[in-house]
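Residue numbers (this note's numbering), protein chains in the order written: chain A, 1 to 292; chain U, 1001 to 1910; chain R, 2001 to 2215.
To be clear, the hints were calculated from the coordinates, so they are not data collected in a lab. Predicted, not measured: the structure shown is a model, and the values here were computed from it. Hints should not be assumed to be uniformly reliable.
Reference listing, derived: stretches of chain U covered by chain R, where coverage requires no fewer than 3 residues with Cβ under 8 Å from a Cβ of chain R [claimed, not checked]:
1. 1027–1041
2. 1046–1054
3. 1061–1068
4. 1809–1823
5. 1845–1853
One side of the interface only, derived from the structure: several residues of chain U facing chain R at Cβ under 7 Å [said to hold, decoys possible]:
6. Glu1195
7. Thr1200
8. Ala1207
9. Val1211
10. Tyr1660
11. Met1788
12. Leu1800
13. Val1804
Cβ coordinates follow ideal geometry from the N, Cα and C atoms, glycine included.
Okay, here's what each chain looks like letter by letter:
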Amino acid sequence: MQWGAASRLQRFWDIRAALNFIGGGTGSSLLIWATVGLLTGYPYFAAALTGLAFVAGGLFMVWLEIGKPWRAFNLLFRPQTSWMTREGIVALFLFSAAAIAVLFDPILRLPINIPSPVVPAFVTACLGLAFLYCQVRILHSARGLPAWREPRAMSLVAMSGLTEGMGIYIVLTTISGSVPVFVAPVALALVIGRGFIWHAYVSALARSAAPQPTMSALLGMRRNFRNFGHVLPAVLIALYLVWPGPATPLLALAGIAATLAGWRFKAVLVTRAAYIPEYSIPAAPIRGQPGC
Amino acid sequence: MKQSHHVKTVPSYCYNCVAGPCLMKVKVKDGVACEIMPNFDAEGIHPANGRCCVKAYGAVQKTYNPNRVLTPMKRTNPKKGRNEDPGFVPISWDEALDTICDRLRAIREKGLIDEAGLPRVAATFGMGGTPVSYMGTFPAFMAAWGPIDFSFGSGQGVKCVHAEHLYGEYWHRAFIVSADTPHTRYILSFGANVEATGGTCAVTRHADARVRGVKRVNIEPHMSITAAASSEWIPIKPKTDNAFMFALLHTMLHEHKRDELDLAFLRDRTACPYLVGPRGLYLRDTETRKPLVWNLKTDSAVPFDTPGAEPAIEGRFRIEHAVDVGADDDVASYADVDAETVMTKFVDHLGPHTPEWATAICDVPAETIRRIAREYLEHACIGETIEIDGKTLPFRPVAVTLGKNVNNGWGAYDCVWARTVLAMLVGALEVPGGTIGTSTRLNRPQSNRLKSVTPGDDGFMATNLNPTDKKNWEATPSGRNAHKTLVPIVGNSGWSQALGPTHLAWMFTRNPPDNWPAPTYPDLWFIYRSNPSISFFDTEEMADCVAQMPFVVAFAYTPDESNHMADILLPDATDLESMQLIRMGGTKFVEQFWKHQGVVLRQPAVEPCGEARDFTWIATELARRSGLLEGYNKAINRGAGGMALKGNDYDFSLQPETAYEVKEIWDRSCKAATAKYSHGDDVHGLEWFEENGFFVVPFKQVDWYLYPTMVEQDLRFELPYQERLFRVGQELGNRLHEQGIHWWDEQLKEYAALPHWCDVLDTWDRAVEKMGSDPKQFPLWLISTKSMQYASGNNVSIQLMNEVSQNVRGHGRILINTATATAMGLKQDDRVELRSPIAYTRGQVALSEGVRPDTLVVPGQFGHWATPYAKDLNFPSLNKLAPMSLDLTDATGSGADMVRVSVTPLGDAT
Amino acid sequence: MTRYVMVADLRRCIGCQTCTAACKMANGTPPGVQWRRVVDMEIGTYPDVKRVFMPVGCQHCSNPPCLDVCPSGATQQRDDGIVNIDYDICIGCASCAVACPYGARYLVHEEQYAYGDRPTEDEKTNYNNKYLGVANKCNFCAEKIDAGVANGLTPGKDPEATPHCVNSCISGAMTFGDIDDQESNVSTLLRNSKHYRLKEEEGTNPGFYYIWDEA
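Whole structure, please, built from the sequences with the hints as guidance.
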């Protein structure tokens, strides 16, 4: 292994950390879309449970990754400054609110007089949004890594989370046979939006002279991300908008493609693109008299 | 409950490289060595204030390396070779020592010298004499034994700064040459990698120098650590330094005024005024045979030492009567003969070597060469003086240092001569600020180089050349490298044989050349801290040579590529486990010139691991069991263990018939040393040293310089004209030709009174053709470089060294110029194959802007196949590619670490 | 007030890695962990090349990014400027490691030894298991400084109160001391030299100065 002054790939956070961003982004946004669906009269339970499972799965991966997992509780000690602490606190409230929302879901037919699940679902959705925000702030606070600390990374990861959650929501609702009306237009907007933000992110990195291996890793996935993460889903969703019935399988395919592409992007971002920059200095030392 | 620990700190020394000793302390916790740290008790005494370098910090891992040989072993597979498993099995110390001593006694009965006139016992020790500081009283055993052949080398001498050793000592008692760094202002360094290999004293001093504003110009094909830390790097073509230096001399002699030189020095302290006749020999007084000079006061030729004479430095004169003395006392008489001074011949000799001429050879612009010459003269401070220890000395703060590859192999004579003459021209030789020597090894006493100066012939120092006259020349070699036969300048000290052409011992034993007595293999060969199968040339062939040794006793640290061929392995207690007292300070190797001198103790910080035993115990047992105890003890008494135990006012001698314990021997050594240095006022034994670590007395700084001694004895430096060596070379040629030996004729050409510029690169091309290859197939030059982490540190199996070296550019890689690599389609860390006319090596490339486009660099000496840990590194090796060849051997018997190669990208192939 | 800083004179440093080895030895860090190391940088194009050796490690910033991101409070900042880690609290999440603009932190999950999977005798004594699973880095040898100060010694002047890397430096490149003391060794050195700090634009206010010329 050559260290010296060359840029180094960070190896602290591996695929398990990437899975936390995947699970957290997909799951929290799935909770949001489930709530929007509930508000427009669509079933909540399956989507919400799936969203929670994603969030919990991601957090479990992180728990496996940290060096001292049985001290995990210590991560709640610094809400003043730490976005990871805040993420943890939000997660606690998120699961509490989601548990209530799920418990209040009529599908469970619990013999108790329950009010409408909309309120806890709405609270859950807000906490999901907060959770997503905490995650992108965690990424941004990685000052050592240009690929993560670039401000546009926050928008991109957030947007990708919303897109991935929507992708899973599309799959669940197409399986259930009843796709809410808002899904296709919102999905189309998300996919196009993520495509633009991705472009802006890569351009910003290039302008800020990010390490060359970072650019290589990101540019290496650019074509596939564009084609399978944005162009293909946009085309498929557009087809669905024109022929909603027959093109429903295409909508599902769009959801899968947009989601998988987003997950792949996060995996690359965390495990292959995050380089600590090489050292640079403003002046070389003068050794003895200056040479000619 | 907090556990209490027993912690102690033990002073010791490290002497793993020639720049030692460095002082250190070892922290021991509950009997386990766990930390190395500086010994700050030496602040203000040791030039690096008690600090040790990175290598010393590996001593802990060295002690607890799980791959150590920790019990004596014997070989069970009689076949030897790289692909033969030795079948080592553990045996007891008794069995090991008895096996060896039975063999030694049998040798004594047969006779110490065999039918070929060669010693039956041989010994090889590695890096530059440093094993002496770890082998306890083993030198006393060797002294008691009698003749031992030290001819079989592992790279020391031959691949070392060889020409510098021999010529440096010859010209100014400078076995090692150094800049007077604390006082200098301008250093021209031709590839001298002092920051990597100069040790802590050099590093400290050169850092101080840089901050002080000293300009150091490093001239070498790649940007070494030293070039990086210099004011300027000049990327010269490999092995063309002689052209650069000749052009510097030309510029100073032909393009600058004479008053920019130190004319008084040239007139009074050199051979410049001596008159030279038609045969290129000094013209001498017919009666006294003293060399003549032209006395400007009387307008006549007079012997050089005529009182009140004012010799002409330059000029051509007609001499009425004179003689010259050629080879084999061939005297010629002259009347009305034309003569010129040495200086005039010297100036004419450099006439053709203009900067323009040099540029075409060395690829350095002519204006750069001229600028360097001007800077050198401007910094020389001709006429200035400095007070040191109450004496007024010339102050000439310019110095010239050379590195390996410049001062060994073909062209080295040119370079060491040019360097010394550059110092001579401005009177910067052996004076404050200038180019000085630090050690003697071929003249006695070795502990004080000034005392080794005695008047010799022709107004110069007495020399120690091996005889070349018909009566005394050693026609039948007494050692397998024939150092006395082939290399007059290597002399006849205890070190001389190991400094001879030690690769010839291996080559000639297998394939004797024409009209040469076939050398025999020794009956028994000791090897310690040495691995010729890795560190010498043509390592595949070398390993095969080692495998031919009939009986090998290897003091083994871990299995390695040379002790793979051993018959007995003996585990000596290593650095932190054993005891020895050695000298330190005064002036000695590299930049170890101190204002103090004395002794330092290395003591066991921990008990030896396994069955490892102190070397002094091993030596005593070998002596006792082979019937040499009396001779052994007497040798220790005489000082073979480092210090003579008896002096004028003290006597701590051993009783000859008693086998002493290790501690007792060193206790007496401590007392003798302190008695000697303190003149009896401050005597201390082992217990005091175990607590305090070292003992010193002041050493006069004025004794760093040879100049005052030369003035006191009214001697001249034998420069620039090598009349004696010219004659010696002719005599040697006569002797060899009388025996029908002509394979040393190229080497004989080097015995020129003024060196003829050697076209080294062409010599290489012709050697490649003789090997049956086309030089054009090998377009690039491969050279080597050192790192501090591995410079002679026995370190290849130390994980810590490899780990920290990962931070150093090029470690374990092949350094290649970025543009050259890109043109070949190579990226960082791609694998390539380097191929020379004899072998190939493979490794990963490291792209660098700090390398000439026509040059590759492989740091260090790797390519291991047996040494644990090292063999799994799979690092490339230059030594595997470099031929062991008479054609590439210079007159002193050395060769350079460089070879023509081709590069082939390997892609994904391994 | 006291603020301890490190000064590295790049004119002196030769990249020998003695400080790297001394730090490892004194702190018993696992293979691959180098709290102090020296990077070897090449600048320029052949033949106009410069090669610089630069000791790096934790910069003990007065505005350290690692402090804010730490969720457990294990990373702490002392009054004397030293940024320390409480290894008993740290959960090993590596947020600090990715937050550090200087790449100064390490995190090792598994026991690794110099020679394979079993410790050598010195590793049994010296190897520090407390670094496993938690973030770790240079702490300016805080325990040594504290013990020295308690005995009336001056960090940077008295070896017993000075970081191991500084003590070991053979070229005299490393100096340590209190920059708030105007007459201290570091203050005097910096006053008489041209110097810079790394990534000052990040706003970290690092406590590690690099000298490159005389003033």
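These are the hints, each one checked on the structure:
1. 1027–1041: Contact hint for the region 1027–1041 of chain U vs chain R: holds, 10 residues under 8 Å.
2. 1046–1054: holds (count 5)
3. 1061–1068: holds (count 6)
4. 1809–1823: Held - the region 1809–1823 of chain U has 4 residues with a Cβ nearer than 8 Å to chain R, which meets the minimum of three.
5. 1845–1853: holds (count 6)
6. Glu1195: 4 Å, holds
7. Thr1200: Interface hint status for Thr1200 of chain U: holds (5 Å vs cutoff 7 Å).
8. Ala1207: 4 Å, holds
9. Val1211: Val1211 of chain U check passes; min Cβ-Cβ to chain R is 6 Å, inside 7 Å.
10. Tyr1660: Result: violated, 30 Å to nearest chain R Cβ.
11. Met1788: 5 Å, holds
12. Leu1800: 6 Å, holds
13. Val1804: 4 Å, holds
Hint check: a violation occurs at hint 10 only; the rest are consistent with the structure.
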